[in-house]
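> Listed below are the residues making up each chain.
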Amino acid sequence: MNEILRAIYSSIIDGEQKVTTAKVQEALDQGTEPSAILNEGMVAAMAEVGKLFEEGEYFVPEMLVAARAMQSGLAMLKPYLVKADVKSSGKVVAGTVKGDLHDIGKNLVCMMLEGSAFEVIDLGSDVDPDKFVEAVHQTNADIVAMSALLTTTMPNMKVTIEALKAAGLRDKVKVLVGGAPLTQQYANEIGADGYAPDASRAVATAKSLIAA
Amino acid sequence: MNKKMPTITVEFQPTGRRIDIEHGETLLHTAQLAGTDLVAACSGIGICGTCLVRVVSGETTLPTLSELDLLDSEKIKAGYRLACQCIPLSDTRVEVPPESLPAGQKLQLEGWGGEIKLVPAISAIDLFLSPPTLHDLKSDYTRLKDALKQLGLKDLSADYQVLTSMSERIRNQNWSLRVAIRSSTETGQIVNILPANSGIFGLAVDIGSTKLAIYLVNLETGATVAQKGVANPQISFGEDVISRIAFANKGIKNRELLQKRLIEILNQSIIELCQSSNCTPEQIVEAVLVGNTAIHHLVTFLPVQQLGAAPYVAAISDPLELRARDLGLNIAPGALVYFPAIIAGYVGADHTSALLATRFSQSNRIRVLIDIGTNTEISLGIGEKIYSCSTASGPAFEGAHIHDGMRAAPGAIEKVQLTSEQCKVVTVGGIPPVGICGTGVLQAISELLRNEIITPQGTLRKNCPGVRFQDGRGGEYLLVPAAQTGHGRDIVITRKDINEIQLAKGAIRAGIEILLSHGGISSEEVEEWVIAGAFGTYLNLESAIQIGMFPKVPLDRFHQVGNAAGTGAKQMLLSLDERSAATQITQRVEYIELTIYPDFTQQFVKHMNFDIE
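So the protein sequences, as listed, match chains A and B.
Just so we're aligned, residue 0 is where the first sequence starts under numbering that gives the first Met the number 0, counting upward by one.
Just so we're aligned, residue 0 is where the second sequence starts under numbering that gives the first Met the number 0, counting upward by one.
The reader is advised that the hints may include incorrect statements.
With a straight-line Cα cutoff of 35 Å, these simulated DSBU-like cross-link-like pairs (lysine-lysine) come out [said to hold, decoys possible]:
id: 1; chain 1: A; residue 1: Lys157; chain 2: B; residue 2: Lys249
id: 2; chain 1: B; residue 1: Lys495; chain 2: A; residue 2: Lys157
id: 3; chain 1: A; residue 1: Lys157; chain 2: A; residue 2: Lys130
id: 4; chain 1: B; residue 1: Lys227; chain 2: B; residue 2: Lys252
id: 5; chain 1: B; residue 1: Lys461; chain 2: B; residue 2: Lys414
id: 6; chain 1: B; residue 1: Lys605; chain 2: A; residue 2: Lys206
id: 7; chain 1: A; residue 1: Lys17; chain 2: B; residue 2: Lys605
id: 8; chain 1: A; residue 1: Lys50; chain 2: B; residue 2: Lys144
id: 9; chain 1: A; residue 1: Lys90; chain 2: B; residue 2: Lys605
id: 10; chain 1: A; residue 1: Lys17; chain 2: A; residue 2: Lys157
id: 11; chain 1: B; residue 1: Lys414; chain 2: A; residue 2: Lys130
id: 12; chain 1: A; residue 1: Lys17; chain 2: B; residue 2: Lys116
id: 13; chain 1: B; residue 1: Lys76; chain 2: B; residue 2: Lys116
id: 14; chain 1: A; residue 1: Lys77; chain 2: B; residue 2: Lys605
id: 15; chain 1: B; residue 1: Lys461; chain 2: B; residue 2: Lys227
id: 16; chain 1: A; residue 1: Lys90; chain 2: A; residue 2: Lys77
id: 17; chain 1: B; residue 1: Lys137; chain 2: B; residue 2: Lys148
id: 18; chain 1: B; residue 1: Lys116; chain 2: B; residue 2: Lys137
id: 19; chain 1: B; residue 1: Lys144; chain 2: A; residue 2: Lys17
id: 20; chain 1: B; residue 1: Lys252; chain 2: A; residue 2: Lys164
id: 21; chain 1: B; residue 1: Lys153; chain 2: A; residue 2: Lys17
id: 22; chain 1: A; residue 1: Lys50; chain 2: B; residue 2: Lys148
id: 23; chain 1: A; residue 1: Lys90; chain 2: B; residue 2: Lys495
id: 24; chain 1: A; residue 1: Lys164; chain 2: B; residue 2: Lys74
id: 25; chain 1: B; residue 1: Lys249; chain 2: B; residue 2: Lys227
id: 26; chain 1: A; residue 1: Lys157; chain 2: B; residue 2: Lys259
id: 27; chain 1: B; residue 1: Lys74; chain 2: B; residue 2: Lys227
id: 28; chain 1: A; residue 1: Lys130; chain 2: B; residue 2: Lys249
id: 29; chain 1: B; residue 1: Lys252; chain 2: B; residue 2: Lys384
id: 30; chain 1: B; residue 1: Lys227; chain 2: A; residue 2: Lys206
id: 31; chain 1: B; residue 1: Lys461; chain 2: A; residue 2: Lys206
id: 32; chain 1: B; residue 1: Lys249; chain 2: B; residue 2: Lys76
id: 33; chain 1: A; residue 1: Lys164; chain 2: A; residue 2: Lys206
id: 34; chain 1: A; residue 1: Lys171; chain 2: B; residue 2: Lys551
id: 35; chain 1: A; residue 1: Lys77; chain 2: A; residue 2: Lys130
id: 36; chain 1: A; residue 1: Lys77; chain 2: A; residue 2: Lys171
id: 37; chain 1: A; residue 1: Lys157; chain 2: B; residue 2: Lys153
id: 38; chain 1: A; residue 1: Lys50; chain 2: B; residue 2: Lys495
id: 39; chain 1: A; residue 1: Lys50; chain 2: A; residue 2: Lys82
Keep in mind the hints are simulated off the structure, nothing from the lab.
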């Protein structure tokens, strides 16, 4: 890995947003391949962040600042990636379900997915089942990722899955669910394809759903 | 660590202790391992029946012959078991009834009482009636009303239930009576007919998600004659109100169950309070109940479904006056229960009550009120305006979701002092430690920070004494080694515990900062910081500032006032003026929904870190 990519990599792990954007600009100015910046700088860094999280070294705050740094660099890189026709890992429609306003966890999942070169369409929080359906229709997404933080709103995941079925889209997308009150058992019960207990494992699960 | 046989998790309520055990252990042994002391008079051979517990969920072995001997079929059907006989077969949740615990939990009851003028809703009138004769054939009720009319009390009515027992009472008491009359409305109503010279009492209750504070108050003197703290039995249906709402959403039967269990414990407590004060429940002629919005709705049979999903609105936010007997509460037959106004879906009547008790009715100073619980309600008063919000601080300060966490029951570490040489701990009841409660965790983390054993990001520093990394999950700090604990196991603070506190204090501080910025003032401009609630009263302020839960302002601006909600309930019991002051307070409140506040995530994340100033 060259020096500038290593600088991007470590600035993301340390959550130094300003350094990340400066170094991404520098890399682009030097004519570094956009796909190399993405994969060797950003994706590799977020994988390390995910590993640190799973080992208990990092918790939500560190993960959020790292993801923020990555995201600001990615925003600069995006036009170049489009121009160079760099393929994304997959397309994800994400949102917090109807009745639930909690979005920190969902935002983190979105950023971690972007940090793994997924294309993410974030529908926000309190998302109506029909809005999920419409977004899948319009974007041809590979995955629908739903979050719920309340025991009272998690039944709306099932409602959304039913809406996807009714629209004839259930076979075309994989459904990934997560959130504090959820369990693998609940995910199975409602007929989701995947469950992730945290943002880091959401990425791994999304990858395995795409590969399946 | 080497792999063991698959384990079973057993949770004890109301202490909140959780423990992983291997298959084949009895519940009694499990309780002992977990540091939850059960009374086991026969030391667990199944003959005394004192270690009675109720299995709320999970699979267990079937009742043994000893149990069938000692417990009647009703009890067994209700899930009651003898802990020494019952072996869990899957993850199990167990409720320990108060009588099976040797000592009561430390529940915080004192509030910040101020002098208030007595303007009671109920007045007591002493009467002597002349008995009927063949020449004076007026009905008993007419006789009573005529006597009251002579005292200037016209247009009275009586509660139907009072009428049904009136004639017998009048005669039993030889025509000498004390009549309790509710005069808050234009036409008064007789709520009870008591023997002459009976004292009249009121009941004030603060219903928290985890505990109830119950006060018996003399309505004539204003004095609190007895008080009691009991665990909220609804905890067996879910630790937080959201899971109780989810439970209630599954059917009307569940909603009834949640209501019934709460009223049962209230009725039982009323009997105990009356016994200790030489009075009868009949003499309790008025009650005030306060609680968060979900609890309020569950007690009053109002729907809770809409509280469980955005935009989280109350069914009714106005003050309510309901008949005690309609709620199932066994006090005077015509007694009413007053429920003060609600502010928002997650800022309930308990906060209204706390604002009243801490004099937010007077608007001359800039003040902040913080009532810390599973949900923390925060209010900022600036002149006529009060800004309020609710923030999900989680149950960590109640000792839940903490590795060795427990509530403030005997054996819980409540104070920690750390020097380079040693770690000193103080427990509730002064006995060897078996876990750590919220105030203990807070102080432990603040001490770890002060001694630079954890970083501002909350990571444990390697190579510090006491820090160990055994299983690759962020490490832990050894607070009390097994040799010095009450259950022979180490008590530790894990990286995950630190993170739980980071989440909780980040949420509280973010709420504070958003209210301040919304009100356009700085923390230095706030003249008084009022900290309410049990945890808030016992917490060490310096520790709370050290970890960044509260802003760094001079300590003398903080006032830890205890159960302000309970105090407010007592004040409303004693004075109708206080009730209208409470209603007026709610009209001045602007509620701020944090989850959609643009700056919230940023503030939350920022304040999850520990800033060492």
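> Next, verify each hint and record whether it holds.
Verification of the hints:
1. A:Lys157 / B:Lys249: holds (15 Å)
2. B:Lys495 / A:Lys157: holds (31 Å)
3. A:Lys157 / A:Lys130: Since the Cα atoms of Lys157 of chain A and Lys130 of chain A sit roughly 14 Å apart, the hinted pair holds (cutoff 35 Å).
4. B:Lys227 / B:Lys252: Cα-Cα ~29 Å, so holds.
5. B:Lys461 / B:Lys414: Holds: Lys461 of chain B and Lys414 of chain B sit about 25 Å apart, inside 35 Å.
6. B:Lys605 / A:Lys206: Between Lys605 of chain B and Lys206 of chain A the Cα gap is close to 31 Å, so the pair holds against 35 Å.
7. A:Lys17 / B:Lys605: holds (17 Å)
8. A:Lys50 / B:Lys144: Violated: Lys50 of chain A and Lys144 of chain B sit about 81 Å apart, past 35 Å.
9. A:Lys90 / B:Lys605: This hinted pair holds, its Cα atoms lying about 31 Å apart.
10. A:Lys17 / A:Lys157: Distance ~41 Å between Lys17 of chain A and Lys157 of chain A Cα, so the pair is violated.
11. B:Lys414 / A:Lys130: Since the Cα atoms of Lys414 of chain B and Lys130 of chain A sit roughly 51 Å apart, the hinted pair is violated (cutoff 35 Å).
12. A:Lys17 / B:Lys116: violated (61 Å)
13. B:Lys76 / B:Lys116: Violated, at roughly 51 Å.
14. A:Lys77 / B:Lys605: Holds: Lys77 of chain A and Lys605 of chain B sit about 27 Å apart, inside 35 Å.
15. B:Lys461 / B:Lys227: Roughly 46 Å between the alpha carbons, so the hint for Lys461 of chain B and Lys227 of chain B is violated.
16. A:Lys90 / A:Lys77: The given pair, whose Cα atoms are some 15 Å apart, holds under the 35 Å limit.
17. B:Lys137 / B:Lys148: holds (15 Å)
18. B:Lys116 / B:Lys137: Given that 35 Å is the threshold and the Cα spacing comes to 40 Å, the pair is violated.
19. B:Lys144 / A:Lys17: violated (83 Å)
20. B:Lys252 / A:Lys164: Since the Cα atoms of Lys252 of chain B and Lys164 of chain A sit roughly 32 Å apart, the hinted pair holds (cutoff 35 Å).
21. B:Lys153 / A:Lys17: Status violated; Cα separation ~79 Å.
22. A:Lys50 / B:Lys148: Status violated; Cα separation ~82 Å.
23. A:Lys90 / B:Lys495: Between Lys90 of chain A and Lys495 of chain B the Cα gap is close to 33 Å, so the pair holds against 35 Å.
24. A:Lys164 / B:Lys74: Violated. Lys164 of chain A to Lys74 of chain B sits at ~47 Å, over the 35 Å cutoff.
25. B:Lys249 / B:Lys227: holds (32 Å)
26. A:Lys157 / B:Lys259: holds (31 Å)
27. B:Lys74 / B:Lys227: Distance ~26 Å between Lys74 of chain B and Lys227 of chain B Cα, so the pair holds.
28. A:Lys130 / B:Lys249: holds (26 Å)
29. B:Lys252 / B:Lys384: violated (42 Å)
30. B:Lys227 / A:Lys206: violated (56 Å)
31. B:Lys461 / A:Lys206: Holds, at about 34 Å.
32. B:Lys249 / B:Lys76: holds (22 Å)
33. A:Lys164 / A:Lys206: holds (23 Å)
34. A:Lys171 / B:Lys551: Violated. Lys171 of chain A to Lys551 of chain B sits at ~55 Å, over the 35 Å cutoff.
35. A:Lys77 / A:Lys130: holds (26 Å)
36. A:Lys77 / A:Lys171: holds (27 Å)
37. A:Lys157 / B:Lys153: violated (62 Å)
38. A:Lys50 / B:Lys495: Since the Cα atoms of Lys50 of chain A and Lys495 of chain B sit roughly 16 Å apart, the hinted pair holds (cutoff 35 Å).
39. A:Lys50 / A:Lys82: Since the Cα atoms of Lys50 of chain A and Lys82 of chain A sit roughly 31 Å apart, the hinted pair holds (cutoff 35 Å).
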